[in-house]
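Number of protein chains: 4
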Amino acid sequence: MSKHKIAIVGATGYTGSELVRILINHPEVDIAAITSESRSGERFSDVHPFFQGICELPLIKAEELKTEDIDLAFLALPHGVSMDYVEKFENSGMKLVDLSGDFRLSSPRVYNEWYPKKHTYSKGFDQVAYGIPELYRSEVEQANLVANPGCFPTTGILAIAPLLAEGIANADSIIIDAKSGVTGAGIKAKAVNQFSSVNDNFKAYGIKFHRHSIEIQENAEKQLGGKASVQFTPHLLPVDRGILATSYLRPVGKVTEEAVHEAFEKHYADQPFIRLRREAPSIKDVRGTNYCDIFSTYDERTGNIIVISVIDNLVKGAAGQAVQNMNLMLGLSETAGLNQVPVQP
Amino acid sequence: MSKHKIAIVGATGYTGSELVRILINHPEVDIAAITSESRSGERFSDVHPFFQGICELPLIKAEELKTEDIDLAFLALPHGVSMDYVEKFENSGMKLVDLSGDFRLSSPRVYNEWYPKKHTYSKGFDQVAYGIPELYRSEVEQANLVANPGCFPTTGILAIAPLLAEGIANADSIIIDAKSGVTGAGIKAKAVNQFSSVNDNFKAYGIKFHRHSIEIQENAEKQLGGKASVQFTPHLLPVDRGILATSYLRPVGKVTEEAVHEAFEKHYADQPFIRLRREAPSIKDVRGTNYCDIFSTYDERTGNIIVISVIDNLVKGAAGQAVQNMNLMLGLSETAGLNQVPVQP
Amino acid sequence: MSKHKIAIVGATGYTGSELVRILINHPEVDIAAITSESRSGERFSDVHPFFQGICELPLIKAEELKTEDIDLAFLALPHGVSMDYVEKFENSGMKLVDLSGDFRLSSPRVYNEWYPKKHTYSKGFDQVAYGIPELYRSEVEQANLVANPGCFPTTGILAIAPLLAEGIANADSIIIDAKSGVTGAGIKAKAVNQFSSVNDNFKAYGIKFHRHSIEIQENAEKQLGGKASVQFTPHLLPVDRGILATSYLRPVGKVTEEAVHEAFEKHYADQPFIRLRREAPSIKDVRGTNYCDIFSTYDERTGNIIVISVIDNLVKGAAGQAVQNMNLMLGLSETAGLNQVPVQP
Amino acid sequence: MSKHKIAIVGATGYTGSELVRILINHPEVDIAAITSESRSGERFSDVHPFFQGICELPLIKAEELKTEDIDLAFLALPHGVSMDYVEKFENSGMKLVDLSGDFRLSSPRVYNEWYPKKHTYSKGFDQVAYGIPELYRSEVEQANLVANPGCFPTTGILAIAPLLAEGIANADSIIIDAKSGVTGAGIKAKAVNQFSSVNDNFKAYGIKFHRHSIEIQENAEKQLGGKASVQFTPHLLPVDRGILATSYLRPVGKVTEEAVHEAFEKHYADQPFIRLRREAPSIKDVRGTNYCDIFSTYDERTGNIIVISVIDNLVKGAAGQAVQNMNLMLGLSETAGLNQVPVQP
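Chains as they are written, first to last, in our numbering: chain A, 10 to 354; chain B, 10 to 354; chain C, 10 to 354; chain D, 10 to 354.
Read the hints as simulated data drawn from the structure, not as lab findings.
Careful: at least some of the hints might be erroneous.
For identical chains, the list gives no copy identity; a pair is met inside one copy or between any two copies.
What the hints assert, rightly or not - Derived DSS-like pairs: lysine-lysine, alpha-carbon spacing no greater than 27 angstroms straight-line:
hint, residue 1, residue 2
1, 236, 263
2, 263, 12
3, 126, 263
4, 263, 217
5, 217, 275
6, 127, 236
7, 126, 70
8, 263, 70
9, 12, 126
Produce the entire structure from the sequences given, and follow the hints as far as they go.
See below:
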């Protein structure tokens, strides 16, 4: 049987190179084309020299894409740019996985509150599925457009969804204290991401106003079927990859350690990419892989439920989850091409 | 005027070397002796080669100390060992700054609940002052025995004390999500502190049961004059030095950003080692110094007060605060010898 | 066709876990058994928790191995221990890839000069092949015992072999200034490998006397067919994985940039795991992979040939090259199971 | 006695902030003014927030400097810019320490070969002293203009000077394999200095053509009184600060370990900032200090002399050596204000 043809729109960022890292060994798809507006004419390995001998595809402009030959395209583009391509490819026949934030929120109105650019393609919101398969698998399977979630939201939502869905945790005082590696900020050179700004250092950022707050909160409300309040504080770790979120929730009524564990077992025991851990996981435990590792506990002394969740922000937080979504959209095995083992240490 | 003579009991750990780093340039004191049971007979620079040419003092056994010539001794010893030396030096005439955890809690009973060894010198609790000068300056000035606080408690208590003292924050749901560099765990070689366990990695540890929880909670209660509940979760950062604590508190009644700031101004504006920051600080901002930098804010959307506090765990969290306490105990200027500037980057 | 059955003798080190990382996805072999004398009875994922759900094999003692069912065993054991197992498995029918240093040198006599333990199985030297396939492929294909090379020797020998084989470089003044990540020192907790000893730090070690000096020198002499003198200086990098060697050689007679490049092209153009790079490579360019990336140049101003070579010390420097050797010994495709893409960043 | 008044011209880089870190506690000088063309009107602590409460001086434009009140100015400016200021301040009465590369080489002609901009102030070369006090103390004492050396040249020249001066080492095949932290590249945001480009990574750069090659070589020739050939290869370490150089030299005639050591003792035993080490030093041994630590040995097996030298590139490699030069130029104690102790770990 012939392989599915996919395209990657946007080659120069971390997401683009991570998609190629995963897809180049995928047994059911071929990378038919990679586009870059700024580097077209060069090879992929000119932009990412560590791909020398692995992926030497020429970079083309998006307008050169033969969309009729492509089954699915990944949009690895900046926020605010991606929406134009979703509109442009509307009737192309290609299914789309959009890795930007342009269609993750519930409406253009909410988008306009939290993102700097006014949304220009509200029609996309009517058809999009939010791409966390563990929570919305059937929507993803049927979608032609999937909004691939943000890295923090993936980590945060997976940590709290079972507790909200089971009605164990109070939705009006959720605290998610999250810590991320530097690649979450993208590849563009900035003073705050210089080695000497980050190395041997640690700080919070985006306090109160990070746009992933609303993405988490909206999904918390979907799980709950009601209003939620989410305090989300991101911090910058001196590591390349990885997110760890420490979530604190108040129980509804009386709760036990066992009840907490059962909620996670019920929702995640059969999920191929979630590992319920006996001990608190570290971010290197999932490096390079599509796993989300979760540890949960209840503190009787203080009455808090504590959940620790970790992912690789470039894999389960971006390219890996995008491939997981692709697999479902193309009717392939959900785990195809995603058998990476943690690179540890 | 002749300088005060001080001794350092315990030379091999990070605290011992950090005390020497600070005291060697202190204008009012001389290091008269340094002890080590395991390395006596060697020079200090044999144990810490980077002191070659800076401190070549011979290491002696504690029993060789001429205590009558010493004004003050720092005990840089492990938990459970230090109490024996406090007892031994009881009538020596030396003032003592104990950097271990042996006299930080309110009673032997509480100590025995949270530390593995049964306390054997309960008399010490009658006379000890808890050495955070910003909160207990007059007690420290008059004490002959000071319990130098833990690194996490220093970071945590300084972050929440003004809010509790002013009655702005609720004491029954305090969350302190703390992140520390590796030196907090001491110099002893352990698998969990190997480079490849820590580098490019991040994890929580001591969830629910870390002994600094009770040290913070007891001091929260002192500030408040009532019962408090503190959820304290430490995490291990891939950095040498530095602690950042992100504290979440619920307001009592209606609160404003200004009211939060005023509470901190009122208590800390004149403290030489606290810097109230306009922006969220990073741990490198205080590296090598005795500063505690604090940023506070109120989130109207969620109703949480958020406080970010940072210290260098080996300085304000250990040796620097010990010298600050020494200065007060000996009647010197509180800032003497503590003019280090952040080593940044 | 049924898969080959392999065993891993020694599970607790980095080499053991890295072998499993690679072999678990190998299309032609099954991991039939993993042994550990110290942890037998536990599961592999108890020792390496990041393998939860990936490899849950029980650990057995080496004596429990059903050797008659095993086609090939990897010995992932310490130097000085491995020789006993080579002897024990002599007539077992299993082919052996020994990842220790016990059979890498030319004779027990040389071994005894550079290693602390007296060699006890000299017979092994008669049959062993030195496992750098790029230089000794046919020997490896026919061997029942392969000595998997040291990580530094792999990096160093591959950098200089073509220049010596072609007679371009002088053999009596080779300098190899090498820099390695921490995992090269093994998993055992030691003071020198503690995070705070290594982080933000850098130093040379083993100056003049590192045992990889002789391993490199003996192979230089094999390539040359004459006497060589190799100055090898290792340094410790604050990274987990990766070796970079900067080699300096003096030309024989007149040489040009082109002649240098041609020597490398001639020997390596068809090697699947060597990438001749247009620019100086960095260690992350090969992280997690079996590649050796090489850059060479000639400096007319000074008359030196300079070669930069990089590998991942746990892959091409250990487990990956071991699998490459296994593939050849079992008659499989040399690249089977070794299609890992660099994890970058 | 009143303190000397100094000015810092150029505030925004690492060198500027490091000068303030050292000078703010200097007992004999006052920082009278700090200039910045791009940030004038702001405070120094606005540019470097970690100086909040430590240095709140307003930044002025260079033209606003009251040069008649200033005894000495440090030029912390980019290469190619500094020469204009040296010219401008020619008759100002201020002594100058230029931290750029503009007057380090022997002539405008050599400068024009190795630097991109044509030199426009050749007169400066007539009067400048090269500011390594250990080699050129009396010139520095009498100079009104000192060229503060490059960080690599300081590390490299101090490592080889005694061997050349004593005629022990051959000058025509010197290899200096150097490794530097990232701050050596300056504070400007660049892709190559992004955290994810540097972290867990290592690479060589500037192979054959780095401009510090000629600065080292010219000084080698001064020490020797003849022609020298220096191969200098810099590498980028994933650390903030610190340079380690591994130098390889061939002996002239027969040499011994003792003769090598004696050469260093003879030249450096009385130098306050050189520490001759019994063991190979690491870069953290000198972090934050003005020390240059040196270890030397002779390898009888290979016939090479090996020297390991380490400095903090921002201190002995820049701001610290600049203050050392200032002390000499102003007739102060050479060590005044330079009593920093290594920040370790």
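Output the indices of the hints that this structure fails to meet, ascending.
2, 3, 8, 9
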